[in-house]
Amino acid sequence: MDSYDVPESTPRQCASSRLKDYFIGATPLQKRLESVRKQTSFIPTPPRRKIPQCSQLQEDVDPQKFAFLLHKQWTLYSLTPLYKFSYTNFKEYSKLLNAFIAAEKQKGLAVEVGDDFNIKILSKSQLPSEHREGKVLWTGWFCCIFGDSLLETVSEDFTCLPLFLANGAETNTAIIGTWFQKTFDCYFRPLAINAFNLSWMAAMWTACKMDHYMATTEFLWSVPCSPQTLDISYAIHPEDAKALWDSVHKTPGEVTQEEVDLFMDCLYSHFHRHFKIHLSATRLVRVSTSVASAHTDGKIKILCHKYLIGVLAYLTELAVFQIE
Amino acid sequence: MSVLRPLDKLPGLNTATILLVGTEDALLQQLAEAMLKEDCTSELKVHLAKSLPLPSNVNRPRIDLIVFVVNLHSKHSLRNVEESLHHVDAAFFLGKVSFLATGAGRESHCSIHRNTVTKLAHTYRSPLLFCDLEIEDFRATMAQRLVRMLQICAGHVPSVSALNLLSLLQNSENPSLEDL
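Each protein sequence line maps, in turn, to chains A and B.
Under the numbering used here, the first residue of the first sequence carries the number 27, and numbering increases by one thereafter.
Under the numbering used here, the first residue of the second sequence carries the number 26, and numbering increases by one thereafter.
No wet-lab data here; the hints were simulated from the structure.
It cannot be assumed that every hint is accurate.
As the list claims (entries may be wrong) - Have a look at the derived ranges for each label pair, beta carbon to beta carbon:
| hint | chain 1 | residue 1 | chain 2 | residue 2 | range |
| --- | --- | --- | --- | --- | --- |
| 1 | B | 87 | A | 303 | 36 to 44 Å |
| 2 | A | 241 | B | 108 | 33 to 41 Å |
| 3 | B | 83 | A | 260 | 36 to 44 Å |
| 4 | B | 116 | A | 99 | 54 to 62 Å |
| 5 | A | 287 | B | 159 | 19 to 27 Å |
| 6 | B | 83 | A | 252 | 48 to 56 Å |
Cβ coordinates follow ideal geometry from the N, Cα and C atoms, glycine included.
Model the full structure from these sequences, guided by the hints.
This is the structure we're talking about:
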């Protein structure tokens, strides 16, 4: 993996060295680029991934600083690279954004008229959040973890922040999204997570070592049948889930497709034995573990600060796939 | 007899029989109807099965082409196909078997990676077709294609055999499948 040499800012520097630890072999984008260069057609292989190591992440994540990110439901969007976005112009951006939102609100799009919005732009990877008398109305943040593979292919003027998380009213998200799209020539798209990726998440998060488990491990399936869809919910004690994973897991530090399939198959066959229902014929809609929970519509809630980076890295990868 | 063999029966006069194997009953039914609507000089017979082995007490004609239908939304259909493949004689895989993957259009509902079916088709050296059987136009096009393939496999097209067709279809696949 080539390390990407950039003369500037902090966000890129430490990412490339850690990328080596996180992925095994070439990233999917590199493989795809290689196949384009060689004029062969590309078959995307699901990569083997390393389980997010606890120690690796704790050095960067300060629990207090990121506490506001936990236990909130975030809606995910994928974002194409931003043109001429600079980390230094935050004050200017906040002024412009303020003005834009005030103008939009006066057009009658929202209920309150004439309120004074105080937009605070925080440093590093957090971006605008609106405050109104100390109560946070809407929070949104851009995120890019280990996005080196995408960074390699874009030119210098572009900043790559492929993952966007928003919490708050839909109208606010829409307004702010429009401003960003107009100012930086980028494009937002809601990030949907399919059942295949949800099962990967379930396996990776069950594999994470936790001192104590805050929530049961829960799965939700949607059965396609008319007239109304039927939902099946399956809850397991988190320690049992971890024990099952440990029995399935072979290579330490790595998660492979076969292990994920075997893990899910064990759950399916157990359910079938008791209820004679083939869960594998239904669609996995929601996965909830002590580390995080994810819904297929692109809603996620992170519960554990230790594995925050690991979760975000996987989501960044999904966002990058969607952009391509 | 639990294993399907390609040449254990005599062919019917001007008859071509296709066997569609898959768990998605509704989709198979619709595909069968679309195929029967096609104009064709041969007499077409379409058999549907949920899985193999087929019950042996039924008198059925010689099967010229087997199409295994996998729904990318359901792992159950993939498992079903994998198990049914054990009941097919090796001689069938000389051009008389094909895989059809449906549901790739709705990416958010997919629970099987495309790569899995590609690998399966590659292991059995058979062509893999993608088609969203739920959409009528695509289904009609696929039905047309299957009817042409069926005619070739039944030997009704002069100077083209099933094996010829197989090598034609395989040349267009990329060689880098080997490093999977």
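Hints violated by the structure (listed by number, smallest first): 6
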